[in-house]
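Participant: Sequence:
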Amino acid sequence: MPWVSGVLVLVQVGGRGMKPRLLDLFCGAGGAARGYQLAGFHVTGVDINPQPRYAGDEFVQADAMTFPLDGYDAIHASPPCQDHTPLSGIAGKHGNGWMLAATLGRLRDQPAPWVVENVPGAHMPGAYTLCGRSFGIAKLRRHRQFLTSFPMIVPPCACSRRVQPIGVYGDLSRNDRVFKNSKDGIPRLRAGIQTARDLLDCPWMDARELTQAIPPAYTALIGEYLLEHLAVRRT
Numbered sequence: 001m002p003w004v005s006g007v008l009v010l011v012q013v014g015g016r017g018m019k020p021r022l023l024d025l026f027c028g029a030g031g032a033a034r035g036y037q038l039a040g041f042h043v044t045g046v047d048i049n050p051q052p053r054y055a056g057d058e059f060v061q062a063d064a065m066t067f068p069l070d071g072y073d074a075i076h077a078s079p080p081c082q083d084h085t086p087l088s089g090i091a092g093k094h095g096n097g098w099m100l101a102a103t104l105g106r107l108r109d110q111p112a113p114w115v116v117e118n119v120p121g122a123h124m125p126g127a128y129t130l131c132g133r134s135f136g137i138a139k140l141r142r143h144r145q146f147l148t149s150f151p152m153i154v155p156p157c158a159c160s161r162r163v164q165p166i167g168v169y170g171d172l173s174r175n176d177r178v179f180k181n182s183k184d185g186i187p188r189l190r191a192g193i194q195t196a197r198d199l200l201d202c203p204w205m206d207a208r209e210l211t212q213a214i215p216p217a218y219t220a221l222i223g224e225y226l227l228e229h230l231a232v233r234r235t
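No gaps in the numbering here: position 9 of the sequence shown is 9 in this note's numbering, and each next residue is one more.
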């Protein structure tokens, strides 16, 4: 169904009524998708790799850089972040950093409202940062940058040095582990798989998917503002 400027395209989903359609580019296992579903969207994910555990409503294995953008009420994109993270100096560049600017260019050239997510350190002028602790996830920082084509009121970062975060990164083991930072020698906790699933609220994900995931709480909030923006466009 093609996009018609100023008209909200709705899709019938089972017996649950009509929902706006959101395209989820570079979708991974669908942490972002689950949040948009909670907000009230029907979500179609696109990723170049198979995603057998994708949490959205539909999945298409395709190149997100060339996938057609028309026919959706809104678009979310999470281009690869490896070249933008501070750890790239250790792990090396992956050669995919160009996709962020290219994705922003594509989205700005089409009419649907959009959201782009990436890690702190990515060049995204005007972006805001969401923090796990702002959503009541006491020990999860998981800072992520978001740039949106519509206005939002963003909860401030609630990080405190008095509470040590639990890290969700690297090779997750079955159990939580304590390790000492090589720079300051301070003991820190790295989450095991079950702790990571609980913190992120992504119980369907495996270890690798958890290290890349966006907590659904982030996009549930963004989705609420996006629905309000779409309603205003209709009036």
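One thing to keep in mind: the hints can contain errors.
[Unchecked claim] Cut-off 20 Å, straight-line C-alpha distance, at most; resulting in silico cross-link-like pairs (SDA-like, lysine to any residue):
no., residue 1, residue 2
1, Lys19, Asn49
2, Lys19, Ile193
3, Lys19, Glu58
4, Lys19, Ile48
5, Lys19, Pro50
6, Lys139, Gln194
7, Lys19, Pro52
8, Lys19, Pro155
9, Lys139, Pro111
10, Lys139, Asp198
11, Lys139, Arg188
12, Lys139, Gly71
13, Lys139, Phe179
14, Lys139, Pro155
15, Lys19, Gln51
16, Lys139, Val60
17, Lys19, Leu227
Hints are computed from structural coordinates only; laboratory data are not their basis.
Participant: Now look at each hint and say whether the structure bears it out.
Facilitator: Quick rundown of the hints versus the structure:
1. Lys19 to Asn49: violated, 27 Å
2. Lys19 to Ile193: Answer violated: Lys19 to Ile193 is near 33 Å, above 20 Å.
3. Lys19 to Glu58: holds, 14 Å
4. Lys19 to Ile48: violated, 26 Å
5. Lys19 to Pro50: Measuring from Cα to Cα gives roughly 26 Å; hence the hint is violated.
6. Lys139 to Gln194: holds, 14 Å
7. Lys19 to Pro52: Between Lys19 and Pro52 the Cα gap is close to 24 Å, so the pair fails against 20 Å, i.e. violated.
8. Lys19 to Pro155: Distance of about 26 Å is beyond 20 Å: violated.
9. Lys139 to Pro111: violated, 38 Å
10. Lys139 to Asp198: holds, 11 Å
11. Lys139 to Arg188: holds, 12 Å
12. Lys139 to Gly71: Violated: Lys139 and Gly71 sit about 39 Å apart, past 20 Å.
13. Lys139 to Phe179: holds, 16 Å
14. Lys139 to Pro155: Cα-Cα ~17 Å, so holds.
15. Lys19 to Gln51: Judged against 20 Å, a Cα distance of about 23 Å means the pair is violated.
16. Lys139 to Val60: Violated: Lys139 and Val60 sit about 34 Å apart, past 20 Å.
17. Lys19 to Leu227: holds, 10 Å
Hints 1, 2, 4, 5, 7, 8, 9, 12, 15 and 16 from the list above are not met by this structure, while the remaining hints are.
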